[in-house]
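Trainee: Below are the chains, spelled out letter by letter.
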Amino acid sequence: MMLEDELTVSTRERDGVAIIDLFGDVTTFAEEKINGAYREVTNKGARFVLLNFRQNDYINSAGIAILIGIVTEVNRNNQKLAVSGLSQHFQKIFRMVGLAQYAEIYQDEEEALAGFRRLAAA
Amino acid sequence: MSDDTTRREPVEKVIELRLPSKLGYERVAMDTASSLARRMGFHADRVESLKTAISEAVTNAIEHGNQHDAAMKVVVLLTARADELIVHVADQGRKQLDQECTTPEPKIEDAFEREDKGGWGIWLIRELMDEVEFTTAPSGGNQVRMVIHLEQ
Amino acid sequence: MSTPSPTQMSMELTLPSELGYEVIARDAVAAFARRLGISPDRLEDLKTALSEACINAIEHGNLLKPGLRVQIFCRFEEEQLIIEVVDQGVNAFAPKGEPLSITEKIAGLGSLRGMGLMLISQLCDEAGFVPRHGTGNCFRFAFYRRPTPALQR
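Residue numbers (our numbering), protein chains in the order written: chain X, 323 to 444; chain C, 67 to 218; chain R, 84 to 236.
Derived from the structure by calculation, the hints contain no laboratory data.
Please read all numbers here as calculations on a predicted model, not as lab measurements.
It is possible that some hints are incorrect.
What the hints assert, rightly or not - Calculated cross-link-like contacts (lysine-lysine; reagent style DSBU-like; alpha-carbon spacing at most 35 Å):
#: 1; chain 1: R; residue 1: K148; chain 2: X; residue 2: K355
#: 2; chain 1: X; residue 1: K414; chain 2: C; residue 2: K161
#: 3; chain 1: X; residue 1: K414; chain 2: C; residue 2: K79
#: 4; chain 1: X; residue 1: K355; chain 2: C; residue 2: K79
#: 5; chain 1: X; residue 1: K366; chain 2: C; residue 2: K173
#: 6; chain 1: C; residue 1: K161; chain 2: X; residue 2: K402
#: 7; chain 1: C; residue 1: K173; chain 2: X; residue 2: K414
#: 8; chain 1: X; residue 1: K355; chain 2: C; residue 2: K173
Stated by the list, open to error - Covered stretches of chain X, going by a simulated chain C footprint (3 or more residues, C-beta under 8 Å):
#: 9; stretch: 377-383
#: 10; stretch: 386-394
#: 11; stretch: 401-412
#: 12; stretch: 419-430
Cβ coordinates follow ideal geometry from the N, Cα and C atoms, glycine included.
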């Protein structure tokens, strides 16, 4: 049993949005998985990327650094990034760190997809 | 081992935890502190803040202070008072913490330009806790003392 | 230098010897056990066993005297999570010399001090008092990471 392996990452597409589902802990051990998933959807030409957090009761500063790395790439590649499914606590942390200025924060996946639709129509 | 505790705070209720310096074991400190804080009557959002702050402090101790040497211990003391919870996190000081690192003001825009996007841990601790102080532990290692107040 | 490996992981927890603190101990030890890959249903057994062991230490070993401590040592070796609960031995009840057999423990000590030890013996893979240098009773119990078929319920 891999004890560090407490994150499951998968990707899917809905309404033209590349969704990266993140189940579990986002810590230093998450780096390869998250970066790999992001590279995968980017190579497929994703313009809209949603990081869909699910049951993440542990995100730490190492995890935040990984997400800042994703934002850096998203800006470079002219994509749009949003996040959904974060607990109130981690929404607060994302705002404190400044991630909220670069990634729209939505309560859930449906709300995020509606947000992307408005963006695509504009 | 409990000598430290009794010497420092003889009359108070102290929980002492000694953890291996391996990433992931900060979860033990988080769950222990959260268990205590909930029973002290802290609101759920304050408990979450406490967990994040402890996670950062223990992670720092594992990575920097003890340089990932699993045989070295991270010592966490939880002192419950009527109106506050005091947390000490100490490492064995294989590497001393640079005092300049204890008051960081990281900016996300700077992080975009840097290869290393990290450096948020101590800043988060300061943002989330009511009192934060970096000192040297009796053992000679790095120590952070954090206090969270129980609001009415 | 030592290589970080889950086979040599250990932690220690020291608590005020006061009823109520066993609940904190449960959460701490459960978090440690979870990291070692103990299955969720075994975790529940572990939490119950640990509470009972702590209550015994507080009530019978330390006789509810204020200002005392209870120590909990956890280590993982040879696929077993071994937990020792040590009190300050105000009332020395640990058997001297050879540890008792499982049967004796369950029969003898179980009836002697109520249901707590009985329950622990049934929940974990091994349990019993062990001799200890210095003062204090030391109660040791173990959970195998993968229980043997006979022990599976």
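Trainee: Run every hint past the structure and note whether it holds.
Mentor: To see whether the hints hold, each was checked on the structure:
A distance of roughly 52 Å separates the Cα atoms of K148/R and K355/X; the hinted pair therefore is violated under the 35 Å criterion. Of the pairs offered as hints, the one joining K414/X and K161/C holds, with about 32 Å between alpha carbons and a cut-off of 35 Å not exceeded. A hinted pair counts as satisfied when its Cα atoms are at most 35 Å apart, and K414/X with K79/C qualifies at roughly 32 Å. Pair hint K355/X plus K79/C does not hold up; C-alpha atoms about 42 Å apart against a cutoff of 35 Å.
Taken as a hint, the K366/X and K173/C pair is honoured in the structure, with Cα atoms around 31 Å apart against an allowance of 35 Å. Between K161/C and K402/X the CA atoms are separated by roughly 41 Å; this puts the pair beyond 35 Å, and the hint is violated. Restraint check for K173/C and K414/X: satisfied, since their Cα atoms lie roughly 16 Å apart, inside the 35 Å limit. Restraint check for K355/X and K173/C: the C-alpha separation of about 25 Å stays at or below 35 Å, so the hint holds.
Counting residues of the stretch 377-383 of chain X whose CB lies closer than 8 Å to any CB of chain C gives 3, so the stated coverage by that chain holds, three being the minimum. Check result for the stretch 386-394 of chain X against chain C: holds, 7 residues qualifying (beta carbon to beta carbon below 8 Å, three or more required). Requiring three or more residues with a Cβ within less than 8 Å of a Cβ of chain C, the coverage given for the stretch 401-412 of chain X holds, as 3 such residues are present. Coverage of the stretch 419-430 of chain X by chain C holds. Counting CB-CB distances below 8 Å, 5 residues qualify, and the rule asks for three or more.
In terms of the numbered hints stated before, the structure departs from hints 1, 4 and 6, listed from lowest to highest.
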